[in-house]
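Protein chains: 2
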Amino acid sequence: MKIAVLGTGGGGRAHAAKLLQLGHEVYVGTRDVETTLARTEPDMMGNPPYSQFLADHPGIQLRTFADAAQAADLVINGIDGASALTALTAIADHLAGKTLIDYAVPYLYNPQVEHPWPTPFGVMPKLVPCDDDSLAEQIQRALPEVKVVKSFVTQEQDTVVDPQAIGGGDHTIFVAGDDDQAKKTVTELLQSYGWTDILDLGGLVAARGMEMYAHMHAAIGMALGMGTPFGVKIVRR
Amino acid sequence: MKIAVLGTGGGGRAHAAKLLQLGHEVYVGTRDVETTLARTEPDMMGNPPYSQFLADHPGIQLRTFADAAQAADLVINGIDGASALTALTAIADHLAGKTLIDYAVPYLYNPQVEHPWPTPFGVMPKLVPCDDDSLAEQIQRALPEVKVVKSFVTQEQDTVVDPQAIGGGDHTIFVAGDDDQAKKTVTELLQSYGWTDILDLGGLVAARGMEMYAHMHAAIGMALGMGTPFGVKIVRR
Numbered sequence: 001m002k003i004a005v006l007g008t009g010g011g012g013r014a015h016a017a018k019l020l021q022l023g024h025e026v027y028v029g030t031r032d033v034e035t036t037l038a039r040t041e042p043d044m045m046g047n048p049p050y051s052q053f054l055a056d057h058p059g060i061q062l063r064t065f066a067d068a069a070q071a072a073d074l075v076i077n078g079i080d081g082a083s084a085l086t087a088l089t090a091i092a093d094h095l096a097g098k099t100l101i102d103y104a105v106p107y108l109y110n111p112q113v114e115h116p117w118p119t120p121f122g123v124m125p126k127l128v129p130c131d132d133d134s135l136a137e138q139i140q141r142a143l144p145e146v147k148v149v150k151s152f153v154t155q156e157q158d159t160v161v162d163p164q165a166i167g168g169g170d171h172t173i174f175v176a177g178d179d180d181q182a183k184k185t186v187t188e189l190l191q192s193y194g195w196t197d198i199l200d201l202g203g204l205v206a207a208r209g210m211e212m213y214a215h216m217h218a219a220i221g222m223a224l225g226m227g228t229p230f231g232v233k234i235v236r237r
Numbered sequence: 001m002k003i004a005v006l007g008t009g010g011g012g013r014a015h016a017a018k019l020l021q022l023g024h025e026v027y028v029g030t031r032d033v034e035t036t037l038a039r040t041e042p043d044m045m046g047n048p049p050y051s052q053f054l055a056d057h058p059g060i061q062l063r064t065f066a067d068a069a070q071a072a073d074l075v076i077n078g079i080d081g082a083s084a085l086t087a088l089t090a091i092a093d094h095l096a097g098k099t100l101i102d103y104a105v106p107y108l109y110n111p112q113v114e115h116p117w118p119t120p121f122g123v124m125p126k127l128v129p130c131d132d133d134s135l136a137e138q139i140q141r142a143l144p145e146v147k148v149v150k151s152f153v154t155q156e157q158d159t160v161v162d163p164q165a166i167g168g169g170d171h172t173i174f175v176a177g178d179d180d181q182a183k184k185t186v187t188e189l190l191q192s193y194g195w196t197d198i199l200d201l202g203g204l205v206a207a208r209g210m211e212m213y214a215h216m217h218a219a220i221g222m223a224l225g226m227g228t229p230f231g232v233k234i235v236r237r
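Protein chains in written order, with the working numbering: chain A, 1 to 237; chain B, 1 to 237.
Fair warning: there could be bad hints in the mix.
Because identical chains share one entry, a pair is satisfied inside a single copy or across any pair of copies.
Said to hold, decoys possible - Derived EDC-like pairs: lysine to aspartate or glutamate, alpha-carbon spacing no greater than 20 Å straight-line:
1) K18 / E188
2) K184 / E41
3) K233 / E34
4) K98 / D73
5) K184 / E156
6) K18 / D131
7) K2 / D170
8) K18 / E145
9) K18 / D178
10) K98 / D43
11) K233 / D197
12) K233 / E156
13) K233 / D162
14) K126 / D179
15) K126 / D162
16) K184 / D80
17) K233 / D170
18) K126 / D180
19) K2 / D80
20) K233 / D178
21) K233 / D200
22) K98 / D32
Hint data in this document are derived by calculation from the structure and do not stem from the laboratory.
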C-alpha cells in the first residue's frame with residue numbers, strides 16, 4: 001500500500017521503518033524537505049539527523065506534507081499534538097477521502113509563546129483540548145472528508161510497531177473512529193504490526209479517553225522507570 | 001481493624017461487605033441515619049434499600065459521616081465525586097491523622113443546578129477538576145492532616161473487592177499518595193482483597209491520571225458491553 005507518515009520524529013520513524021520492512025511504499029512528510037535534510041545534529045529527543053535515518057532505510061521517500069499525503073492512500077499523523085491541526089488543515093485537499101490515523105497527544109506546547117516544561121516530577125503538561133473534546137475530533141471537524149481513526153496513542157512508539165516485544169504480544173491496542181471501513185483498514189495494519197488484541201472503542205468520541213490516558217500512561221512509565229517498555233492488557237473474565 | 005466506609009452506594013456496599021467478611025469492625029457513614037434507614041425503594045442505581053443491606057450483613061454499623069469516621073482508624077471515601085470535598089471537609093476533625101482512601105471520580109453533577117445526563121452515547125460527564133488538578137489533591141489540600149491515598153478508581157466496584165473473578169486475578173491496581181506509610185496500609189488492604197499486582201504510581205499528583213482514566217474505562221466498558229467485568233493488566237517485558 002502507499003502510506004504517508006507525516007512527521008520526522010521518533011514515532012514517525014518507527015512507523016516508516018516498520019512499513020518499509022512490511023513492503024509498503026512509504027512517503028514521509030516534513031514541513032520543508034531541504035531544512036530536514038540539512039540538519040546534522042540529533043533532534044530535541046536525541047534522534048539522529050533524518051538524513052542518516054534515510055540512508056539506513058533506502059526506499060523511504062521524503063517529501064513535503066502535501067506531497068507525501070497526495071502520494072498515499074493511507075496517512076499516519078505523526079505531527080506533534082500542538083501543531084497537527086494547523087498542519088493537517090493546510091493540506092486538506094490532499095487528505096480528502098483518505099483514512100488518517102492520528103496518534104497525537106495534544107500537550108500544550110507552543111515554543112513561540114510559553115514553554116510548560118520543565119514541570120515538577122509527575123506533573124504533565126496540560127492537554128488542550130481535554131475532557132469534553134479531543135484533538136482527533138477537532139481534526140475530524142476541520143476535515144470532514146477525511147476518515148479519522150485514533151489509535152497507537154496508548155503505546156510507546158517503539159513497541160506500537162513491535163507488540164511481540166512485550167509479554168509475548170498479549171496486550172491490547174485500541175481504535176476509535178466514526179467510519180467502520182477506515183477502522184477495518186487500521187485494524188489490518190495493526191495486525192500486520194503483530195497485534196492480536198485490537199479493541200474497537202466505538203466512535204471518535206472515545207478519542208477523549210485515549211488522549212486523556214496520556215497522564216496515566218506517563219505515571220505508569222515513571223513508576224516502572226523511565227524507558228521501561230510496558231503494555232496494557234484488557235483482561236476479560 | 002476499625003474501618004469506616006463513607007457512603008451507602010454500590011461501591012461503599014461492596015467494600016463494607018468485603019471488610020466485614022475479612023473480620024474488620026465496619027462503620028458505614030451516611031448523611032442522615034434515619035433518612036437512610038427510612039428508605040424502602042431501591043436507590044437511583046437500583047441498589048436495594050440500605051436497611052435490607054444491613055439486615056443481610058449483620059455487624060455493619062450505620063452512623064453519621066462524623067461518627068463513622070471518628071470510630072475508625074482507616075477511612076474509605078465512597079461519597080460521590082461531586083459531594084466528597086464538602087462532606088469530608090465538614091468532618092475534618094474526625095479524619096485528622098488518619099489514612100483516607102479516595103476512589104471518587106469528580107464527574108460534574110449537581111442536581112440542584114444542572115443535570116449533565118443523559119448525554120449522547122459515549123459522551124461522559126465533564127470532570128471537574130481535570131488535567132492540572134484532581135479531586136484527591138483537592139481533598140489533600142483541604143485536609144492537610146489526613147493521609148490521602150487514591151486507589152480502587154480504575155476498577156469496577158464489584159471486582160475491586162474480588163480481583164480473582166477476572167483473569168485469575170492477574171491484573172493490576174494502582175495506589176498514589178504522598179505518605180508512604182499510608183500507601184503501605186492501603187497496599188496491605190488490597191492484598192487482603194486478593195490483589196497481587198499493586199503498582200505504586202508515586203505522589204498524589206498521579207491521581208490526575210487515575211481520575212482522568214475514567215473516560216477510557218467507560219469507553220472500554222461500553223466496547224465490551226455494559227456490565228462486562230474487566231481488569232487492566234500492566235504487562236512488563
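>> Check the structure against each numbered hint from earlier and tell me which ones fail, lowest number first.
In response: When the structure is compared with the hints, numbers 2, 3, 5, 6, 7, 8, 9, 10, 14, 15, 16, 18, 19, 20, 22 turn out to be violated.
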